Each structure stands twice: as structure tokens, then as C-alpha cells.
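Engineer: Please take these sequences and the hints and turn them into a complete structure.
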Amino acid sequence: VSTLKRDRHPETGELIDFVDGTLSDESRNVILEHLKTCDRCSTYVRSLEKTFEVLSHDQVPQVEPAFFAYLAAKARRSDERAGWRRLLVPSLAGAAVVAFIMLVLLMPAQQELDQIDLIMADMTTQELIESVGEDVGYETVLEDVGGDFISLEDYYQGETVYDFIETLSRAEQEQLVVEIKKIMGSDTSSSSNQTFWGC
Amino acid sequence: MKDLGRRLAGGDEEAFNETVERFSRQVFAVCFRILRDTEEAKDMVQEVFTRVYLKRHSFKGHSSVYTWIYRIAINLCFSHLKRKRTETVPLDEVAYRLAVGEDTADSRLEELRDLVGKMIETLPAKQRAVFVLRFYEKLSFKEIAEVMKTSVGGAKANYHFAVEHLRKLAGGG
Numbered sequence: 018v019s020t021l022k023r024d025r026h027p028e029t030g031e032l033i034d035f036v037d038g039t040l041s042d043e044s045r046n047v048i049l050e051h052l053k054t055c056d057r058c059s060t061y062v063r064s065l066e067k068t069f070e071v072l073s074h075d076q077v078p079q080v081e082p083a084f085f086a087y088l089a090a091k092a093r094r095s096d097e098r099a100g101w102r103r104l105l106v107p108s109l110a111g112a113a114v115v116a117f118i119m120l121v122l123l124m125p126a127q128q129e130l131d132q133i134d135l136i137m138a139d140m141t142t143q144e145l146i147e148s149v150g151e152d153v154g155y156e157t158v159l160e161d162v163g164g165d166f167i168s169l170e171d172y173y174q175g176e177t178v179y180d181f182i183e184t185l186s187r188a189e190q191e192q193l194v195v196e197i198k199k200i201m202g203s204d205t206s207s208s209s210n211q212t213f214w215g216c
Numbered sequence: 004m005k006d007l008g009r010r011l012a013g014g015d016e017e018a019f020n021e022t023v024e025r026f027s028r029q030v031f032a033v034c035f036r037i038l039r040d041t042e043e044a045k046d047m048v049q050e051v052f053t054r055v056y057l058k059r060h061s062f063k064g065h066s067s068v069y070t071w072i073y074r075i076a077i078n079l080c081f082s083h084l085k086r087k088r089t090e091t092v093p094l095d096e097v098a099y100r101l102a103v104g105e106d107t108a109d110s111r112l113e114e115l116r117d118l119v120g121k122m123i124e125t126l127p128a129k130q131r132a133v134f135v136l137r138f139y140e141k142l143s144f145k146e147i148a149e150v151m152k153t154s155v156g157g158a159k160a161n162y163h164f165a166v167e168h169l170r171k172l173a174g175g176g
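Here the protein sequences line up with chains U and A, keeping their order.
Start counting the first sequence at 18; every next residue gets the next number (this note's numbering).
Start counting the second sequence at 4; every next residue gets the next number (this note's numbering).
Treat the hints with caution; some may be incorrect.
Claimed, not checked - With a cut-off of at most 30 Å between alpha-carbon atoms, the simulated BS3-like pairs for lysine-lysine come out as follows: (1) A:K63 - A:K171; (2) A:K141 - U:K67; (3) A:K87 - A:K159; (4) A:K121 - U:K67; (5) A:K85 - A:K141; (6) A:K171 - U:K67; (7) A:K152 - A:K141; (8) A:K152 - U:K91; (9) A:K129 - U:K67; (10) A:K58 - A:K85; (11) A:K145 - A:K85; (12) A:K171 - A:K159; (13) A:K58 - U:K91; (14) U:K91 - A:K63; (15) A:K171 - A:K87; (16) A:K171 - A:K121; (17) A:K121 - A:K141; (18) A:K141 - A:K63; (19) A:K141 - A:K159; (20) U:K53 - A:K171; (21) A:K85 - U:K91; (22) A:K58 - A:K129; (23) A:K141 - A:K87; (24) A:K85 - A:K129; (25) A:K87 - U:K91; (26) A:K58 - A:K145; (27) A:K159 - U:K53; (28) A:K85 - A:K159; (29) A:K159 - A:K145; (30) A:K145 - U:K67; (31) A:K159 - A:K63; (32) A:K159 - A:K121; (33) A:K129 - A:K171; (34) A:K85 - A:K63; (35) A:K121 - A:K87; (36) A:K159 - U:K67.
To be verified - Here's a subset of chain U near chain A, in silico, CB distances under 10 Å, partners left out: (37) F85; (38) L88; (39) R93.
It is worth saying that the hints were derived from the structure and are not from the lab.
Note that the coordinates shown come from a computational prediction; the quantities given were computed from them, not determined experimentally.
We treat Cβ as the ideally placed atom computed from N, Cα and C, and that holds for glycine.
Structural biologist: Listed below in C-alpha cells is the structure:
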């Protein structure tokens with residue numbers, strides 16, 4: 018905070034940084050000098066110090082060591098169980114995805130996966146949300162933690178749609194293509210599409 | 004740390020174990036302080052590391068492993084908070100209860116902890132996350148900006164708003 022001047026009251030944020038201990042020595046000294054003669058700022062700093070003291074009493078509850086000991090194994094198991102359900106209940110939707118499906122249906126098998134890159138590589142999740150008009154995240158149904166909606170806006174913010182596809186293994190990507198073909202091939206009515214894509 | 008990130012992204016199973024061992028307690032603390040519920044925080048930690056395991060190959064090393072994990076944790080907590088209706092304690096009540104009694108008896112400390120939790124719950128999600136990362140986790144504003152995908156100035160502004168809100172809540176006028 019190099020803009021601190023001796024002839025004015027420090028800003029609220031500067032006083033917070035002062036109590037927080039993040040100011041440079043120079044700025045800290047300017048404020049210390051100011052506090053010697055300013056009751057208003059001194060009172061404010063005291064109330065901040067009291068607040069910080071109160072907040073420092075927050076305590077994180079103890080959790081049984083076994084919870085952490087088995088966490089890695091549980092994460093692996095949850096991942097395996099959730100994998101298929103993620104594929105079966107994705108609600109990626111909109112024009113880009115429809116175009117993707119159509120291409121998948123029309124393309125020779127060996128070119129299908131490469132098309133994912135071509136269509137989605139540069140599209141951000143935000144652009145997809147805007148083009149579709151809703152967040153088209155996907156549902157996870159993990160036995161241990163219950164169902165959860167993974168929002169693209171929250172979870173994949175700033176990333177491309179391809180980042181989502183990329184989280185799937187090659188085998189899962191291939192299976193996704195199979196599942197899409199199966200659903201589109203067996204029942205192309207709008208109600209079926211609505212259920213699958215959630216839009 | 005960069006080595007851990009490389010090994011993790013490369014599919015090294017031992018690196019994943021090491022990541023869980025090194026960061027799970029910190030992630031639990033962050034989740035608890037944002038969600039204010041032990042069981043929900045435990046569920047969240049498990050989901051975080053499931054996501055870490057699932058997405059480990061896409062970790063590109065642009066940030067450190069722990070800011071990447073914190074980002075996953077914060078985003079999942081935000082999604083959870085959106086769905087969860089929380090009851091907030093009226094500001095006057097918190098200030099009154101803080102003002103009554105200055106002793107440090109165990110019962111008083113217990114009540115104080117409960118109140119601090121309720122104070123933090125009154126913060127909007129983003130301010131709450133920034134405050135927790137700065138005040139309790141001691142992350143720098145640069146690190147917080149990385150986690151929250153915002154600017155250093157934005158992180159600082161959120162922290163200042165949060166502190167000022169909590170100061171008023173604590174009876175600071």
C-alpha cells in the first residue's frame with residue numbers, strides 16, 4: 018500500500034491489512050504514527066482486533082482417523098462406481114451437442130472420437146451454457162455420498178467442453194459413442210431425447 | 004510439489020495416495036468452515052478426492068496441486084450451498100450474545116465457537132470462501148486469486164467486505 022499518506026485517514030481496507038499483518042513496514046509505520054493521534058481509527062482497529070480474536074476461536078471438529086486412512090481407496094471405488102452412471106445420465110445438450118451426435122451417427126467409426134476434438138475443442142463451458150440457455154451439467158449418483166449435480170458453470174468454469182470429455186477414459190469415450198448411437202437408433206422420439214439430454 | 008503434480012497427472016497411484024495423505028485434512032477444514040456441518044464436510048471431502056482421482060490426468064500443472072484441489076473443493080461447496088437452505092442468525096442476536104459475558108470458562112468457549120460458526124454462515128458464499136482461505140488457511144491473496152479464478156484485487160475486496168461484515172456482527176458498530 019504505497020499510496021498511504023500521512024495527511025489522511027487510512028482506508029478501511031488498509032486498516033484491515035494492518036491488523037492482518039500484510040502491510041509493508043513502511044505502510045505499517047505510517048499507520049502506527051496515524052493511530053497515535055486519531056481516536057476514530059484507533060477505535061476501529063481495536064474493534065477489528067477484537068473481531069479477529071473472537072474468530073480465532075473457531076475449531077474444526079475431530080474426525081476419526083479411519084476416515085482419512087481409507088479416503089484414497091474410497092475415492093477410487095466411488096470413481097469406478099460412478100463412471101458408468103456419469104455416462105448414462107449426462108445432460109450435455111444444445112445445438113453443438115446435437116451436431117456432435119449427428120456427426121457421430123454419420124461418421125465412420127474410426128473417425129468418431131477425433132470429431133469430438135474438432136467440434137468441442139474451442140468451445141468453453143460458458144459458451145455452451147449461453148448457447149443452450151441453461152447449465153447442462155451432469156448428474157453423479159455415488160452410493161456413498163448420494164446424488165449430486167455437477168454444474169458446468171461451477172465445476173468446469175473457464176474450461177472447454179472438451180475438458181469434460183477429456184476426464185473420461187478412452188474406453189468411456191468409446192462407450193459414450195455407443196450409448197448415444199443406441200439411444201438415437203432405438204428411439205428417436207423427442208420424449209426419449211428429452212429424458213437423456215435433460216433439455 | 005511440482006513433482007507430485009507431474010506424478011499425479013501421469014497416473015502414479017502412489018502420488019494419489021500421497022496427495023490424499025497430504026491435503027485431506029486441510030480440505031476437510033476448508034469444507035467444514037464453508038458448510039458448517041461435519042457430515043456434509045466429510046461427504047464433500049470424499050467427493051473432492053473422487054474428482055481429483057477422476058481428473059488427475061487433466062491436471063496441467065499451471066497451478067500448484069493444492070490450489071487445484073482447493074478450487075475443486077470450493078466449487079463443489081458452492082454447488083452444495085446453492086441447493087442448501089441455511090438459516091441465518093439475526094445480526095442483533097449475535098452481537099448481543101457476544102457482548103454478554105467476557106469469561107473464558109469452557110461453556111463460554113463452546114458458545115463462542117458456536118457463535119463464530121453462525122457469524123461465518125452469514126457471509127455470502129464467495130466472501131465466506133475467501134475469508135476461510137485467508138484467515139484460517141493463511142493463503143496469500145495471489146493463491147486465493149488462483150483458487151477462486153479471480154484477480155488479486157478481487158480476492159482482497161472480498162476479504163475486506165467479509166471482515167467488515169463480521170466486525171459489525173461482532174458488535175463493532
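Engineer: If a hint holds in the structure, say so; if it does not, say that too.
Structural biologist: Hints and how they fare:
1. The hinted pair formed by K63 of chain A and K171 of chain A fails the criterion: a straight-line CA distance of about 42 Å is larger than 30 Å.
2. For a cut-off of 30 Å, the pair hint linking K141 of chain A to K67 of chain U stands: about 19 Å separates their Cα positions.
3. Between the alpha carbons of K87 of chain A and K159 of chain A the distance comes to roughly 27 Å, so the proposed pair stays at or under 30 Å and holds.
4. For the proposed pair K121 of chain A and K67 of chain U, the alpha carbon gap of about 17 Å is at most 30 Å, so the pair holds.
5. A distance of roughly 26 Å separates the Cα atoms of K85 of chain A and K141 of chain A; the hinted pair therefore holds under the 30 Å criterion.
6. The straight-line distance between the Cα atoms of K171 of chain A and K67 of chain U is roughly 11 Å, inside the 30 Å bound, and the hint therefore holds.
7. Of the pairs offered as hints, the one joining K152 of chain A and K141 of chain A holds, with about 18 Å between alpha carbons and a cut-off of 30 Å not exceeded.
8. Using a Cα cut-off of 30 Å, the hinted pair K152 of chain A and K91 of chain U holds, with the two alpha carbons roughly 29 Å apart.
9. A C-alpha spacing of about 24 Å is found between K129 of chain A and K67 of chain U, which places the hinted pair at or below 30 Å, so the restraint holds.
10. Taken as a hint, the K58 of chain A and K85 of chain A pair is honoured in the structure, with Cα atoms around 23 Å apart against an allowance of 30 Å.
11. Proposed proximity of K145 of chain A and K85 of chain A is supported: the alpha carbons are some 26 Å apart, at most 30 Å.
12. Restraint check for K171 of chain A and K159 of chain A: satisfied, since their Cα atoms lie roughly 18 Å apart, inside the 30 Å limit.
13. Distance hint between K58 of chain A and K91 of chain U is fulfilled; the C-alpha atoms sit about 16 Å from each other, no more than 30 Å.
14. For the given pair, K91 of chain U sits about 24 Å from K63 of chain A by alpha-carbon distance, which is consistent with the 30 Å threshold.
15. For the given pair, K171 of chain A sits about 25 Å from K87 of chain A by alpha-carbon distance, which is consistent with the 30 Å threshold.
16. Using a Cα cut-off of 30 Å, the hinted pair K171 of chain A and K121 of chain A holds, with the two alpha carbons roughly 14 Å apart.
17. In summary, the hint linking K121 of chain A to K141 of chain A is supported, as the alpha carbons are separated by about 21 Å, within the 30 Å threshold.
18. Taken as a hint, the K141 of chain A and K63 of chain A pair is honoured in the structure, with Cα atoms around 25 Å apart against an allowance of 30 Å.
19. Distance restraint check for K141 of chain A and K159 of chain A: the Cα-Cα separation of roughly 13 Å lies within the 30 Å cut-off, and the hinted pair is therefore satisfied.
20. Between K53 of chain U and K171 of chain A, the direct Cα distance comes to roughly 24 Å. Compliance with the 30 Å bound is thereby established for this hinted pair.
21. Between K85 of chain A and K91 of chain U, the direct Cα distance comes to roughly 26 Å. Compliance with the 30 Å bound is thereby established for this hinted pair.
22. Simply put, K58 of chain A and K129 of chain A have alpha-carbon atoms about 24 Å apart, close enough for the 30 Å limit, and the pair holds.
23. For a cut-off of 30 Å, the pair hint linking K141 of chain A to K87 of chain A stands: about 27 Å separates their Cα positions.
24. A hinted pair counts as satisfied when its Cα atoms are at most 30 Å apart, and K85 of chain A with K129 of chain A qualifies at roughly 12 Å.
25. With a CA separation close to 25 Å, the supplied pair K87 of chain A and K91 of chain U stays within the 30 Å bound.
26. As the CA atoms of K58 of chain A and K145 of chain A are separated by approximately 24 Å, the hinted pair is consistent with the 30 Å bound.
27. Between K159 of chain A and K53 of chain U the alpha-carbon distance is near 26 Å, which keeps this suggested pair within the 30 Å criterion.
28. Under the criterion of a C-alpha separation no larger than 30 Å, the hint pairing K85 of chain A with K159 of chain A is consistent with the structure, at around 23 Å.
29. Straight-line distance between C-alpha atoms of K159 of chain A and K145 of chain A comes to about 9 Å, which keeps the hinted pair within the 30 Å bound.
30. About 26 Å separates the Cα atoms of K145 of chain A and K67 of chain U, which keeps this hinted pair within 30 Å; it holds.
31. Between K159 of chain A and K63 of chain A, the direct Cα distance comes to roughly 27 Å. Compliance with the 30 Å bound is thereby established for this hinted pair.
32. With a CA separation close to 23 Å, the supplied pair K159 of chain A and K121 of chain A stays within the 30 Å bound.
33. This hinted pair checks out: K129 of chain A and K171 of chain A have alpha carbons roughly 19 Å apart, not beyond 30 Å.
34. Annotation: proposed proximity of K85 of chain A to K63 of chain A holds, straight-line Cα distance about 29 Å (limit 30 Å).
35. For the given pair, K121 of chain A sits about 15 Å from K87 of chain A by alpha-carbon distance, which is consistent with the 30 Å threshold.
36. Proximity of K159 of chain A to K67 of chain U is assessed by CA-CA distance (about 21 Å); at most 30 Å being required, the pair is judged to hold.
37. Annotation: interface hint on F85 of chain U holds; nearest CB of chain A at approximately 5 Å, less than 10 Å.
38. With a cut of 10 Å, the hint placing L88 of chain U at the interface with chain A holds, because the nearest CB-to-CB distance is about 5 Å.
39. Against a cut-off of 10 Å between C-beta atoms, the interface hint on R93 of chain U holds, since the closest Cβ of chain A lies about 6 Å away.
Going down the numbered hints, you'll see the structure goes against just number 1.
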